[in-house]
Amino acid sequence: GNSVTQMEGPVTLSEEAFLTINCTYTATGYPSLFWYVQYPGEGLQLLLKATKADDKGSNKGFEATYRKETTSFHLEKGSVQVSDSAVYFCALSDSGGGADGLTFGKGTHLIIQP
Amino acid sequence: NAGVTQTPKFQVLKTGQSMTLQCAQDMNHNSMYWYRQDPGMGLRLIYYSASEGTTDKGEVPNGYNVSRLNKREFSLRLESAAPSQTSVYFCASRDGLGNTIYFGEGSWLTVV
Chain Z
94 GNSVTQMEGP VTLSEEAFLT INCTYTATGY PSLFWYVQYP GEGLQLLLKA TKADDKGSNK
154 GFEATYRKET TSFHLEKGSV QVSDSAVYFC ALSDSGGGAD GLTFGKGTHL IIQP
Chain L
3 NAGVTQTPKF QVLKTGQSMT LQCAQDMNHN SMYWYRQDPG MGLRLIYYSA SEGTTDKGEV
63 PNGYNVSRLN KREFSLRLES AAPSQTSVYF CASRDGLGNT IYFGEGSWLT VV
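Going down the list, the sequences are from chains Z and L. The first sequence maps to residues 94 to 207 in the numbering used here. The second sequence maps to residues 3 to 114 in the numbering used here.
Think of the hints as simulated: they come from the structure by calculation, not from any bench. For each residue, glycine too, the CB sits at the ideal point set by N, CA and C. Heads up, some of the hints might be wrong.
Selected chain Z positions facing chain L (Cβ under 10 Å, derived; list incomplete) [as the list claims (entries may be wrong)]:
| no. | residue |
| --- | --- |
| 1 | N95 |
| 2 | F111 |
| 3 | E135 |
| 4 | G136 |
| 5 | G200 |
Taking the hints into account, I'd like the entire structure generated from these sequences.
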């Protein structure tokens, strides 16, 4: 079956530092890949997505590139802010439908210190 | 811009009580899901519905029942609440074209 592996953290960085959160996946088909963000006390919001190999998703200064050869979708940001403190989930979704079509990583807790 | 709406946002139950979490989406999606989120466990799928009239068990279905009332609504019922069901519950729906998943804002449930 499908699976998603990401670093769980917590990851603690200083403001303006460079961020990388690793995400690798296992899938039998050709999934779409997503990063979701969850701020304290809130639900999950879509941060960015990529639907095919070599696509780059980007939003709010975050980027991730769909790398089929390494089965990865690492999240990066050049200069983080305190407001980026949140939990980040990597996910994949394939066209198979049903429960097998959705797989989430366990989430990475990011803490940005001023 | 309602998206996925779930109620209630907060609830405290006594052990053995029953309750229903309501969820509705206005995006005309076929697939809907109920997840629970616990510290260190990530998101775990309770039940899902691939289309109106169908429901299937996910990873952790015990102690729960669901109803897909129509295309818009997907409810989750706890028949006899237990402290182990203290969690944050998320309803979600999926866009069948782009496979994007949209979440509700969550329901914080405490069973004492």
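Evaluated hints:
1. Contact between N95/Z and chain L, as hinted, is not supported at the beta carbon level, the nearest pair being about 12 Å apart and thus beyond 10 Å.
2. Using the Cβ-Cβ criterion of 10 Å, the hint placing F111/Z at the interface with chain L is not satisfied: the shortest such distance is roughly 25 Å.
3. A distance limit of 10 Å between C-beta atoms decides the matter here; for E135/Z the minimum to chain L is near 7 Å, and the interface restraint holds.
4. Nearest Cβ of chain L to the Cβ of G136/Z: about 4 Å, under the 10 Å cut. The hint holds.
5. Using the Cβ-Cβ criterion of 10 Å, the hint placing G200/Z at the interface with chain L is satisfied: the shortest such distance is roughly 5 Å.
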